[in-house]
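There are 2 protein chains.
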Amino acid sequence: MDTNPPQNDAVLPKVLLLRPSALTLLPLAARLRAHFHLLDPLDSSEPAQSFLSLRCRSVRALLCLFTPFVPVNAGTLDLLPSLELIVVSSAGLEHVDLPYCRRRGIAVANASAAFCEDGADYAVAMLIDVMRRVSHGDRFVRAGSWPVQREFPLGFKLGGKRVGIVGLGSIGSKTAKRLVSFGCSIAYNSRKEKPHVPYPYYANVRDLAANSDILVLCCALTEGTRHIVGKDVMSALGKGGVIINVGRGALVDEKELVRRLVRGEIGGAGLDVFEKEPKVPDELLALDNVVLSPHRAVMTPESLEAVQELIIGNLRAFFSNEPLRSLVQHE
Amino acid sequence: MDTNPPQNDAVLPKVLLLRPSALTLLPLAARLRAHFHLLDPLDSSEPAQSFLSLRCRSVRALLCLFTPFVPVNAGTLDLLPSLELIVVSSAGLEHVDLPYCRRRGIAVANASAAFCEDGADYAVAMLIDVMRRVSHGDRFVRAGSWPVQREFPLGFKLGGKRVGIVGLGSIGSKTAKRLVSFGCSIAYNSRKEKPHVPYPYYANVRDLAANSDILVLCCALTEGTRHIVGKDVMSALGKGGVIINVGRGALVDEKELVRRLVRGEIGGAGLDVFEKEPKVPDELLALDNVVLSPHRAVMTPESLEAVQELIIGNLRAFFSNEPLRSLVQHE
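So the protein lines, in turn, are chains A and B.
My numbering numbers the first residue of the first sequence as 993 and each following residue consecutively.
My numbering numbers the first residue of the second sequence as 993 and each following residue consecutively.
Since the hints were made in silico from the structure, they are not lab data.
On a predicted model such as this, the values are computed, not experimentally measured, just so you know.
Incorrect hints may have been included.
In this list, chains with the same sequence are indistinguishable; a pair is considered to hold if it fits within one copy or across any two.
[What the hints assert, rightly or not] Straight line, CA to CA, 30 Å or less: simulated DSBU-like cross-link-like pairs of lysine-lysine: (1) K1169 x K1153; (2) K1268 x K1247; (3) K1247 x K1153; (4) K1247 x K1271; (5) K1231 x K1006; (6) K1169 x K1186; (7) K1006 x K1223; (8) K1006 x K1247; (9) K1271 x K1223; (10) K1268 x K1186.
Input sequences plus hints: build the corresponding full structure.
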């Protein structure tokens, strides 16, 4: 740990850093320290609370790294009376008290822009994989079954399938663009109908599901979207329906999904996220119509580099009174 | 087997059927018999050769089903002096003596049009899978490794990658169109430069490989393309390069590919086809940077229905003196 800040810290703008203790920071920290005076409670022997209340009263910018593990709630924010900006390293913001930020006029910048292409690529990959049985086929070959059984079950064609996208944000809209090139038709649900979007809008997910062969979940997790895909939506999607989740595990009533997959009451699923990850329901491990993924949808070396650029870009823009590169619009 | 042809056979146009003996034909045969008088050597007690030479002298149309297993060579074609059309149920034509057909003016219709979308979808699926480690991640989760090891290796971003397509036919051009939507840049090799194609052309595969991160093989297998991806091309593609093969196994020098994969001299591979299918080299079964598939790229229930439509459409067009629906252009 670097407890001796470089001498020029006094003239650099202060940035408070919140991060999980297990996180190794080295390359990013070095890049940040070239521009900012980092205040990191984990570098201090003081308890975090007193570090915040004693040393961070004048701090205007907060950086949260790997933020789903570090809640940014009213209790924390009340200790930071000068705060004007929160920069998070994730696309999701379920750990940030957004209504509180709106009330206090604290701007929030997230990292969707760095992650959305990888997320969309991965959503499409899992969708084709479930439909065409790619990883199932890989298991079949690796197990030596091909020369013995010869016949491997056919999957389904992508072209002409109706894909319902839940959450047409940056990942959702890029997923839609890709799927159009496969001949899929697109419809979507989001909090509000979006202007200038060519796809049909459904005001609720149940109706979207009733008119879709495949649902792709890429909305934020909020109290309003927790278990947004439950019994009703799964019934509407029907026996042959497929669910792809690159959002958050708790968007889906996982118990209900597992029950339906086991009973053949839903066609298949591609899941990058789970309600209690890294715990994955045991029943899923034996099913051939699911593709399971260790929360890697948005993660590539390229996206991790891009998120660092974006974090530094947002902080520099803020301290130069320039527009933020990825301001989250409060609704 | 239906050895009693329906009474109206006398007035229906004759179509000679060549098929592997193991093939169960029922739904297609019933549909064909509504329009054509099928002559099937496997329905006869005569040896195939005498069936052809005695009963098929006036046959103008030949239908080959699951044709890679039924060679249509000069020996067979010499027995059919009236032949004007060969319809095959596959995209590949390596089992048909095309130079002989050209000399005799026999038209050939293939089934690419029914298969190309599924083939392109699958090529893209395997490409993303290798790059983003989708089926590797699925194995990791199924093995219960996620809660234990936590860290799963990152894959690579698709956007910005240079994809070289070997064979810009119907599957290749549809693969290119899809990959553009992921932000990949496309270049291609084929026998000749294609007019009206926006992608850079390389006259040889070695140069294409030297300028690509990923090679996608979807050309026909001919004497000219056997082992078109050998040592030189793999060296040019380089250590991080990826090979996707949805064409035929023998397009690649498989021994060389396996050797390089094992030694880490090539980045990864997605293989739907193999030199001695269904035999897959044992060394591949343990590698995490390969995706293995039991020759299913073009196969969905939808494509199998489409190929039946296309076969019947071609035969009906021929006997009505209308343009064939999928005439193969001799070069």
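Tested hints:
1. K1169 x K1153: both (14 Å within a copy, 18 Å between copies)
2. K1268 x K1247: Answer is within: at 11 Å inside a copy they meet the 30 Å cutoff, but 44 Å across does not.
3. K1247 x K1153: within (27 Å within a copy, 39 Å between copies)
4. K1247 x K1271: within (13 Å within a copy, 40 Å between copies)
5. K1231 x K1006: Classified as neither: same-chain Cα gap 55 Å, cross-chain 44 Å, threshold 30 Å.
6. K1169 x K1186: Both: 15 Å inside a copy, 27 Å across copies.
7. K1006 x K1223: Neither way: K1006 and K1223 sit 48 Å apart in one copy and 56 Å across, limit 30 Å.
8. K1006 x K1247: neither (45 Å within a copy, 59 Å between copies)
9. K1271 x K1223: Within one copy only: 22 Å inside, 44 Å across.
10. K1268 x K1186: Result: close neither inside a copy nor across copies, 32 Å intra and 53 Å inter.
Hint violations for this structure: numbers 5, 7, 8 and 10, all remaining hints satisfied.
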